[in-house]
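**Student:** Residue-level listing of the chains:
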Amino acid sequence: MTKDDVLSALLAVRDPEIPTISVVDMGIITNVTVHSDDNVSVCMTPTFVGCPAIDVMRSDVEQAVRELGVTTVEVSVTFDVPWTTNRLTEKGRAALLKHGLAPPEPYETLTLELDVLNNVACPYCGSRKTTLKSPFGPTLCRSLHYCNSCLQAFEGFKPI
Amino acid sequence: MNRDAMKDMLLRMADDVLILAHRHSEWTGLGPLLEEDIAFSSIAQDKLGHAQALFSILHEHFEGAEPDAMAFGRTEQLMRCCHLVELPNGEYDFSLMRHFLFDAAEYVRWTALCESSFEPLAKLALKIRGELKYHLYHAQTWVIQLGAEGSEESKARMQTALRNVWPFALGIFEVRPGDADLVSDGVFPGEDVLRERWIAFVSNVFEKAKLEIPVDASAVLGGRDGYHTEHLGPLLDEMTEVYRQDPSAQW
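Protein chains in written order, with my numbering: chain A, 1 to 160; chain B, 1 to 251.
Hint data in this document are derived by calculation from the structure and do not stem from the laboratory. Treat the hints with care, since some could be wrong.
[As the list claims (entries may be wrong)] Here are the simulated distance ranges between beta carbons:
#: 1; chain 1: B; residue 1: 212; chain 2: A; residue 2: 3; range: 57 to 67 angstroms
#: 2; chain 1: A; residue 1: 39; chain 2: B; residue 2: 122; range: 29 to 39 angstroms
#: 3; chain 1: B; residue 1: 193; chain 2: A; residue 2: 109; range: 16 to 26 angstroms
#: 4; chain 1: B; residue 1: 216; chain 2: A; residue 2: 112; range: 21 to 31 angstroms
#: 5; chain 1: B; residue 1: 184; chain 2: A; residue 2: 125; range: 50 to 60 angstroms
#: 6; chain 1: A; residue 1: 39; chain 2: B; residue 2: 91; range: 42 to 52 angstroms
#: 7; chain 1: B; residue 1: 193; chain 2: A; residue 2: 56; range: 39 to 49 angstroms
#: 8; chain 1: B; residue 1: 154; chain 2: A; residue 2: 33; range: 54 to 64 angstroms
#: 9; chain 1: B; residue 1: 210; chain 2: A; residue 2: 31; range: 49 to 59 angstroms
#: 10; chain 1: A; residue 1: 5; chain 2: B; residue 2: 226; range: 27 to 37 angstroms
[To be verified] Result set (DSS-like, lysine-lysine): computed pairs, CA atoms no more than 27 angstroms apart in a straight line:
#: 11; chain 1: B; residue 1: 210; chain 2: A; residue 2: 133
#: 12; chain 1: A; residue 1: 129; chain 2: B; residue 2: 133
#: 13; chain 1: B; residue 1: 155; chain 2: B; residue 2: 133
#: 14; chain 1: A; residue 1: 133; chain 2: B; residue 2: 123
#: 15; chain 1: A; residue 1: 91; chain 2: A; residue 2: 3
#: 16; chain 1: B; residue 1: 155; chain 2: B; residue 2: 210
#: 17; chain 1: A; residue 1: 133; chain 2: A; residue 2: 98
#: 18; chain 1: A; residue 1: 98; chain 2: A; residue 2: 129
#: 19; chain 1: B; residue 1: 123; chain 2: A; residue 2: 3
#: 20; chain 1: B; residue 1: 133; chain 2: A; residue 2: 133
#: 21; chain 1: A; residue 1: 133; chain 2: B; residue 2: 208
We treat Cβ as the ideally placed atom computed from N, Cα and C, and that holds for glycine.
Okay, chain A solo, but in the shape it has when bound (with noise of 0.2 angstroms):
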């Protein structure tokens, strides 16, 4: 049992409300601590404080080390490694694309401005001329825009 064989067991957990991405591409397993073949540690953060997904995600990360058939396995979810968008991985962009969501491009710093909201490329058309509606969409993570090039309305998965 290696690290590389876990997370690849990983990538089989997804996010219950954007199932297109696994867990590790969305970099939110911060982690993985081979003791023994029977003995396995994960660490995860959550991508907001009060994300309602985590619970769920750390019962799906527990069951898919458990089927490697490990016994003994610790699933622990800390803020030791915060969360920011620019842990996805390019695989977790293209399936956030892929899911209709225009993805968080990487950014140095955040302002209080939000800059990086503002001509966001729409997921449909890739059209830079859109206008950010409002920071707040369905899901904590998500923006709503508009796209003025295709007209259509569209959600962002936003940076943090």
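Dock chain B against chain A, hints included.
**Tutor:** Below, chain B alone, put in the same frame as chain A:
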């Protein structure tokens, strides 16, 4: 570390967001625009998460009860929230002004806590600060839009709301007996320092919004000692109704 002072600080922070989360959630289904309905509901959910994280620190490091018992199992006299968060939502202008002044205070506080010597709080601060940017962005966009960029009516309403909310907002920064120990231990910079930073921040936004901060207003205090407005009791009755029927229920 002065553990009692630490507990006091964590509890008042947690209670502020717990109660304001409940007030914000009362806008669900009633917002003046669908987007506002969603914004207030989302912010409420974030705040509830922040309260839970603070109650978890109290539970793990300071022998506090389980987070649910802390949130739903205490009487009014044991609550440590400030009066600002207890007040009924009133009209949208009032809710929005409270949201702005409170979140500016939260932003200043959690920014300072990123440097806290108490590590669990510093780690949480990095995370919460990122979320607060969205809350504050939402509030200040509307304050400026309804102030300087709005109609005569919207500007007048925002000015009245500011006059009414301001004394309560000053009450966020009530100084507590053990605070000096926390300041010397590097846990936080102290309420007076935070208040000055907050005033600088909100003054800048009010200048853009062409709104004036009331002069000679004094802070409404008492919530940190368990003295509350007549509005908190009915709020707690409603918020804890399900929990009280069966505190051990799992769902």
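**Student:** Run the structure past the numbered hints and jot down the numbers of the failing ones, going up.
**Tutor:** Numbers 6, 10 and 14 - these are the hints that the structure violates, sorted from lowest upward.
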